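As you go down the protein sequences, you meet chains X and H in turn.
Each residue of the first sequence is one higher than the one before, starting from 1 at the first, in my numbering.
Each residue of the second sequence is one higher than the one before, starting from 1001 at the first, in my numbering.
Among the hints, erroneous ones may be present.
Unchecked claim - Straight line, CA to CA, 30 Å or less: simulated DSBU-like cross-link-like pairs of lysine-lysine:
(1) K1173/H / K242/X
(2) K26/X / K1215/H
(3) K242/X / K1215/H
(4) K1143/H / K1356/H
Bear in mind the hints are in silico, worked out from the structure with no lab data behind them.
Everything numeric in this text was worked out from a predicted model, so none of it was measured.
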Amino acid sequence: MTSSATVVPTAEKGTSLGADAWRRLKRNRVALAGGIALVLIVTACFVLPVLLGMDPETTDPTRKNLPPSLQHFFGTDTLGRDYLARVLVGGQTSLLVGLAATAAVVIVGVLYGAVAGYYGGRVDEILMRFVDFLYGIPYMFLVILVMLMFSDTERGNPIPVFFALGLVQWLAMARIVRGQVLTLREREFVLAARVTGAGDMRIIVRHILPNVLGIVVIYATLTVPAVIILESFLSFLGLGVKLSWGQLVAEGVSVVNPIDSYWWLLFWPSVLLALTLFSLNFLGDGLRDALDPRTRR
Amino acid sequence: MNESRFAGAQWMAIGVAVLTLVIGLAIGWREAAVIGLGTGFIAGTAWWSAAMVRVGGSLMLAGVVWIFAAPNLGPGAAALVVTGVAALTWKFLPTRVQRRVCFMLPSLVMLIFVTSMLMYMAPGNPFAQEKVASPQVEEALRKLYGVPRDPTEFFIIYMKRLVLEGSLGPAIKVQGRTVQDLLMPALPVSISLGLLALILACGIGLVLGIRAGLKPNSAADYSSMALAMVGISLPNFVIGAGLMIVFSLSLGWLPVAGWGGYPHLILPALTLALPYAAYIARLARGGTIEVMQQDFVRTARAKGLSESTIIVKHALKGAILPVVSFLGPAAAGILTGSFVVETLFGIPGMGQWFVKGAINRDYSVVLGTAIIYCTLVTAFNLFVDLAYAWLDPRIREER
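The following block holds chain X by itself, in its conformation from the complex (with noise of 0.2 Å):
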């Protein structure tokens, strides 16, 4: 059924599918807004700190715990550090955990969805069982224990850690791929490559493969929040990378009480950690919609 309702739009002649979505998203004004903020918050990110110059560093033993003031727009910590600049810089690290992760999410994921889609039967039934099994397995024990081997050496570099979160945030792209490349591989212009000659290789990579990149572009957007919250989780058990906004997050709540409460040491990362969250949802499900126009309402 998922078929036939895909047909609908390339089957139009005029408008492709591309133009078509891209209509349909601009007229989500969520979706559309998600993206602006989005847009903001990486440049404010990556350009800001390089522009202003700012140190997430340096201390200052003088201006310890300041609340927001106009030096210092989101106050001080408890060392003294500018607490802007620790936010941005910490956010170029969440972003780029997500990406980087996300980016390993994809080649595996959509890999070995495609295999097990497209050759079905047995080799479906045990990849697929693997992806069940480790869905099963608490994705937590998996990456505690992939950091563990990376801890004592390799303290605060990155690296592990989308490794460790690419490793169990493939699953769900792989099933949907799956799901996809199933259907996919009954279509007529699979049938006409196979007749002209083409080999399994060649029809997953040039025939399969582009058909089921929109779906992918959506779950991407959505695993990159995923992996930004599992990031955080991982700073808060202590076992994160060094400065992040999950590290921050965490820094955040260990201070926070009703009597001596430097709430905006927990109030701007979460802030800012829930809106790009909220801003990559928000797209993620736009795009949906605006690509696959039946689960639209």
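Based on the hints, put chain H in the right spot on chain X.
Just chain H now, with coordinates in the frame of chain X:
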């Protein structure tokens, strides 16, 4: 489709070979051999015939029962029970479930192996943090706790102890206690926390989702989905800290943290439940919208049934189906989240033992928690599967 039964098997073989080669080059050939044989065996189960699956599955289940029964009942009674279990499962358990068992149990064993391998690769070892001991003392300790220098040997000792004695081994870092001693008091805490969270997630999620799905694009829809978005977009330790500040510190209604009875469970369970409630709400919304457009709902309306009867008798099932298939991943996720929530609220559950064990390199504690968690989730998944087949007759006769 007239595909050969072995179509694509070459890819599986290549995959296993590549895996073996990579592990052989990176870690060691003995580990590679175990992994290659293990994954090869597990992959091979897909090609087992139904009869083989029934026999294999029953035998494996009987083996698990033996591990539990033998130390408690003695070998004679245990043998009796095990024979009974094997016969009953062989006769009555559906082949679909048997197939899963044939895959899951060997996978659990592989998981134990892979976990031990990863732990051995991590820098440090359980004896490294002690006052510098002479090599002889370290060797004696390693022998005492059954932790040789080689992961494969460790795995063999561990599995022997598990299968023959039904024991998870001595805790290395907590002297004089076994892993069971440590984990058994923590298990009910974690289970009640997880179950309560799961119930809360389903309850909140279903109510919000169905409410939204019955009137798409209404105020009720937007408010529910906005709430769901908050649940998905905030890390749950932030939500937890917020709840703690509001309900415990400001209002003083509930205890702040720690453990001491059911009021202590409410906030952590709520924290744990919210992200999953949000996902469930979205799934239930989609399911409700889908089912309300079905012909049988129109028929029910045409018959003159009241709207509430239609919802309860016809639409509810459609809304619940996608949620049921999400319950498995949700359970795994809730257990994962419990690591964080247990730390935040200072609850003496299993998650804390895992994190502590991982940081202290206490191999047996890590493996013990891993085994218990994974068995719980696997069993739960199997149960969900059966429930799903019961709810949706279309998939009942598969395979």
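Hint check results:
As the CA atoms of K1173/H and K242/X are separated by approximately 28 Å, the hinted pair is consistent with the 30 Å bound. Our distance criterion of 30 Å between C-alpha atoms is met by K26/X and K1215/H, whose separation comes to about 24 Å. Using a Cα cut-off of 30 Å, the hinted pair K242/X and K1215/H is violated, with the two alpha carbons roughly 46 Å apart. With a C-alpha separation of about 23 Å, the suggested pairing of K1143/H with K1356/H holds against the 30 Å cut-off.
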